[in-house]
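S.K.: Listed below are the residues making up each chain.
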Amino acid sequence: MTINQISIFLENKYGKLSEILSLLGKEHIRIIAATIADTSEFGIMRIIVSDPQKAYAILKENNVSANLTDVLAVVTGSSADDFAETLAHFTKAGLSIEYMYCFAVNGKAILIIRTNNREAAREVIRRQNIEYICESDLIQL
Amino acid sequence: MYWQQDIETLSRDRLEKLQLERLKATLDLAYNSPFYKKTMDENGISSDSIHSLDDLKKIPFTTKNDLREHYPYGMAAVPIKQCVRLHSSSGTTGNPTVVLHSQKDLDEWANQVARCMYMVGIRDTDVFQNTSGYGMFTGGLGFQYGAEKLGALTVPAAAGNTKRQIKFIRDFETTCLHIIPSYATRLAEVMYEEGVDPRKNTKLKIICIGAEPHSEEQRKRIEQLLGVKAYNCFGMSEMNGPGVAFECTEQNGLHIWEDYVIVEIIDPVTLKPVKDGELGELVLTTINREAMPLLRYRTRDLTRILPGNCPCGRTHKRIARFQGRSDDMIILKGVNLFPIQIETILMQFKELGSNYLITLETVGNSDEMLIEVELSDLFTDDYSVLQGLTKEIIRQLRDELLLTPRLKLVARGSLPVQEGKAIRVKDLRKII
Ligand SMILES: [Zn+2]
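Protein sequence lines correspond, in order, to chains A and B. Just so we're aligned: the first sequence equals residues 35 to 175 in the working numbering. Just so we're aligned: the second sequence equals residues 795 to 1226 in the working numbering.
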């Protein structure tokens, strides 16, 4: 239901970004999804990888400012209506969405969502019977 | 508890009266030196023109440069025949400085050091090992004579040879050490490597640390490693050497012996006294030294007076642990500030690491300050939290500095480090 996402603190130096990514590449860690949010001063790159725990350990070892956050990973159809429907379940339950992004695998969209209340969000998924993926699924993606 | 209870707990009134008497006597003495004769004549100062401690302000400052220019004997206030020792600085830039001592001066200095050592609990039953270099470096002989005066059994081990230091500590059952903080950590590490647990296999209980700046965390670590109490001592060769100020067992500020010196804290630019409790440059006037008195000597060391009375009962003022050199001062938009003020604020945020860089730059027609500081780690994946943190740090800096710096959070390990010591200030300002 939840998976670990890695957030990496980035200054606006893009050489730094490829340096960090090659650290993971060397250890055969695949990047499944990535998104960067930035301001003029700094950015945070959020990534979903094939092996979050291992990736996190590598980053720590190399003194990279990184953070492991659990996020919801739910499966939805790829039409806009499917998206809207899924999101509506959370907003109806009074949850606000801090951020979301998505990626597609085998014609299905996987929606990564971070809400302001993790427990309530899990409850929504259970009650509405929303399809989701687990961390153990990542390695096969 | 006290080495000299009467003097150490003298009421402020009587202490200040004593200071005034000694100041006047010092001025009479100083007039015998070619340097002070000239200064005092030019400024119309004599002991008769001093009616209160406040009149001290009429006397010009003495700087290290004055000492250099009057190398070697131009500051002597007694005939050289009456001097029995001199200590000289290494003089890496320009002339070295020389400090001359009469026998009386050495006796007084030994008493001053003995008073400090007694204050932290060292007694004549203790074995005191001094790991300072001897010779010109005042930490050697200064502590040596102080410890002898106190009556401790002294082990003048001098610097270096860690294995031999450890052998002495064990064979002679050393209970007290004088040691620089970085060497204390090293000594402990070697002990553990050799299978010696200093807490169980030695009699060490009190150590005096000084001569290099160290943080409270470093002190605690040394205390833990060695199983001792560690006390911060302050000295400088121009003021004899060790013993000028020393922590008492409260470990909260260093008592500065005001029957030996008059303390002032000044703004290094305006040269006016700062308010009690504010950071500034330490200025000292010797009032218990005959061979080479120094009047209003600018130490270049930054500190502040700790307000309030010390629970130990001593009435002599306490100064804070040293906070850098006045030469580090930054002047920006007419405001004086010290990197330590910025550091103190940054260190209060557990989200931040210990490395930071202050850049002064000209933007358009105005000078700006940019502070880059490393995050200790990424503790959130939400950048509004990071923006909130940035805002809060800026707010606190503005309250302290009275100007608004730009602040940039940077990744850990991304700021330049030179020879293990972080570079703190980069001045890129153009002169307009
Ligand atoms: Zn005290």
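Hints were generated in silico from the structure; no laboratory data involved. Honestly, I wouldn't trust all of these hints.
To be verified - The calculated label-pair distances, taken between Cβ atoms and stated as ranges, are: (1) B/Asp1193 <-> A/Ile65: 38 to 48 Å; (2) A/Glu157 <-> B/Lys1185: 51 to 61 Å; (3) B/Arg1189 <-> A/Ala154: 25 to 35 Å; (4) A/Val109 <-> B/Lys1144: 35 to 45 Å; (5) A/Ser170 <-> B/Glu988: 20 to 30 Å; (6) A/Ser170 <-> B/Glu1011: 52 to 62 Å.
As the list claims (entries may be wrong) - Residues from chain A that face chain B, not an exhaustive set, calculated with beta carbons under 8 Å: (7) Asn38; (8) Ser41; (9) Phe43; (10) Glu45; (11) Asp104; (12) Asp116; (13) Thr125; (14) Lys126; (15) Ala127; (16) Gly128; (17) Ser130; (18) Ile131.
Unchecked claim - To give an idea of the interface, some chain B residues facing chain A are shown, with a C-beta separation under 7 Å as derived from the structure: (19) Val1129; (20) Asp1175; (21) Tyr1177; (22) Lys1202; (23) Arg1206.
Ideal placement from N, C-alpha and C gives every residue a C-beta, glycine not left out.
S.K.: Check each numbered hint against the structure and report the violated ones by number, ascending.
M.R.: Structure breaks hints 2, 5, 6, 7, 11, 12, 13, 14, 15, 16, 17, 18 and 19.
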